[in-house]
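Novice: In the order they appear, the protein sequences are chains A and B.
Quick note, my numbering runs 16 ahead of the 1-based positions in the first sequence.
Quick note, my numbering runs 16 ahead of the 1-based positions in the second sequence.
Simulated from the structure, these hints should not be mistaken for laboratory data.
Hints should not be assumed to be uniformly reliable.
Identical copies go unnamed one by one, so any copy, or any two together, can satisfy a pair.
Stated by the list, open to error - With a straight-line cut-off of 30 Å between C-alpha atoms, the simulated DSSO-like cross-links for lysine-lysine are: (1) K61 x K310; (2) K103 x K318; (3) K288 x K238; (4) K303 x K61; (5) K61 x K140; (6) K237 x K140; (7) K61 x K318; (8) K61 x K103; (9) K140 x K238; (10) K318 x K140; (11) K238 x K303; (12) K140 x K303.
Here's the letter readout for the chains.
Protein chains: 2
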Amino acid sequence: MCFVAYRSTVFPQLQSKMEALLSSCKLFKHWPSILLGLLVALAIKYIKTYRKRRLRTSSWEQLEGTENVAVEFTLADSAIQPALEEKPHVPFVPGHNLNPNGGRRFYELMRGRRSVRAFNANIKPPIDVVEDCIRAAGTAPSGAHTEPWTFCVVEQLAVKQSVREIVEHEEQINYSTRMHAQWVTDLRPLHTNAVKPYLTDAPYLILIFKQTHGTTTDGRKKLHYYNEISTSIAAGILLCALQAAGLCSLVTTPLNCGPALRRLLERPTNEKLLILLAVGYAEDNCKVPDLERKGLQSIMVKY
Amino acid sequence: MCFVAYRSTVFPQLQSKMEALLSSCKLFKHWPSILLGLLVALAIKYIKTYRKRRLRTSSWEQLEGTENVAVEFTLADSAIQPALEEKPHVPFVPGHNLNPNGGRRFYELMRGRRSVRAFNANIKPPIDVVEDCIRAAGTAPSGAHTEPWTFCVVEQLAVKQSVREIVEHEEQINYSTRMHAQWVTDLRPLHTNAVKPYLTDAPYLILIFKQTHGTTTDGRKKLHYYNEISTSIAAGILLCALQAAGLCSLVTTPLNCGPALRRLLERPTNEKLLILLAVGYAEDNCKVPDLERKGLQSIMVKY
């Protein structure tokens, strides 16, 4: 209030001019009508939401009210059908009993993994190996078994060059403008910058897209719940598979490059780039940051 | 425009009343002063942003302009310091060369993994095994090596019961109100509902929290870039480790339960629940949905 009063005395001329300008503005004259329009729109929205909620509640009550859920599925006379086929569940066949050293051996395998930024451009692992690793990634769990991922494997040099051009162009802007000073400083110990030779040196690039939605077998839109978490879990499994195969990798999340890379690879608009992975062998004289990982006591709490 | 005119003729009395009301409102009288205030605030914000950008650009130029980055690090006279210590990089020692069957064998291991909802409450795997699996998860890569994760392992029955109470209470509301009809229907083939016996039957619950930020060794705030993707990747590695150890698991993302579970486990406010994992052995007569996974040709595209 005192701020307003202060400026009213300081700029009296300016104020009277602006008042004249504002009183001539049509928007302010029609306030009552605009307010009414907004109220009507809100009312329509409320009615729509209420209807949706009724529909939802009734389908839930049906599901709860029957002992034999399988019978209820066939009887349900609803326009809403599940994306997955409804089949009786099958016995679970556990693949392995406790492997007493399995967890420890797996940890020993994974602790050797490092993010590698210098790849050997002359040695290319067979594509079969990469395919097996992607098969493994495809075993990831996903929200309502939607499997919302696409793995684009780039091995042609020309395509890798186009990827590199897009990423380096955007990263130049990221480092100089989009990322704040603390972020750029925090990356300094890792020696990363906007120049990315690994994008053309690595024999394979794997661009992992999350699918925000999909299509059911009968052409309806399939909603993909938790698609980002699911696809990231799949990426974690992929990293393990590559490590098991003896390959090196680098996980990157190129800021603002998604749309251009999606267009380059001609992916549909429901796919969004999540992770860009470089895969291959490390260069002979490859160096990595002198990092330590947190100990168990820093990452685990027992209850 | 015609919409406004239409309502003006329909509600003439209402409109005149509202006009009287609006003209008596102090907010509208002081428009010029408020506008000026906003302009001043915007100008201050712009100047601040410009200063930050200058700072950032200069630190980037410094980084680019020096051949010997290590020297530049010590000379830099800036208030902004990286979260990690700046040390020379070290030679990378590859743990394994290509293991020709590694990728295939890893896929064979992982294809046996299924989400299990019926756990054997009487057999408890040793805690050492779970710890090794969490050690493996802790090898995950993370944005700027921030390691933004906390794994809370619950084995006490009383705590598991409290977790179950919180989750079942929220899930009751989720299924009946928060989740839309299509979502509830899509979950029907998986036979999931708001009753969660596995939360007390499973010998271990692992609640995975992402840390939105952390603290450096000298007490400054440490920003955690891409903390959700990083923690989800760690969760993917954890699933592989559990599978390698021969244990069963279930990944869940309990909607709206995060704050209550965080308070239950007395975790700080910078930690947000991402995934709740049940871990143990499957019940003898355990059944799982009759699901198929997408084939390689549906999840992989080659370029």
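Novice: Quick one: K237 to K140, C-alpha cut-off 30 Å, is that within a copy, between copies, both, or neither?
Specialist: neither (39 Å within a copy, 42 Å between copies)
Novice: Given a CA cutoff of 30 Å, do K318 and K140 count as a within-copy pair, a between-copy pair, both, or neither?
Specialist: Cα proximity of K318 and K140: across copies only (15 Å, versus 44 Å in one copy).
Novice: Between copies, within a copy, both or neither: which fits K103 and K318 at Cα up to 30 Å?
Specialist: neither (39 Å within a copy, 34 Å between copies)
Novice: Indicate which option fits the pair K61, K140 if close means a Cα-Cα distance not exceeding 30 Å: within, between, both or neither.
Specialist: This pair counts as neither: shortest intra-copy Cα distance 57 Å, inter-copy 52 Å.
Novice: Using 30 Å as the alpha carbon limit, work out where K288 and K238 are close: within a copy, between copies, both or neither.
Specialist: Answer is both: 16 Å inside a copy and 28 Å across each meet the 30 Å cutoff.
Novice: At 30 Å max between alpha carbons, let me know whether K61 reaches K310 within a copy, between copies, both or neither.
Specialist: neither (50 Å within a copy, 39 Å between copies)
Novice: One pair to classify: K140 and K303, alpha carbons no more than 30 Å apart. Within, between, both, or neither?
Specialist: within (20 Å within a copy, 43 Å between copies)
Novice: At most 30 Å between alpha carbons: which applies to K303 and K61, within, between, both or neither?
Specialist: Answer is neither: 59 Å inside a copy and 42 Å across each miss the 30 Å cutoff.
Novice: Can you tell me if K140 and K238 fall within 30 Å by alpha carbon in one copy, between copies, both or neither?
Specialist: Cα proximity of K140 and K238: none, with 38 Å in one copy and 39 Å across.
Novice: How would you classify K61 and K103 at a CA-CA limit of 30 Å: within, between, both, or neither?
Specialist: neither (37 Å within a copy, 58 Å between copies)
Novice: Could you place K61 and K318 in one of the four classes (within, between, both, neither) given a Cα distance threshold of 30 Å?
Specialist: neither (47 Å within a copy, 45 Å between copies)
Novice: At most 30 Å between alpha carbons: which applies to K238 and K303, within, between, both or neither?
Specialist: between (45 Å within a copy, 25 Å between copies)
Checked against the numbered hints listed earlier, the structure breaks hints 1, 2, 4, 5, 6, 7, 8 and 9; every other hint is satisfied.
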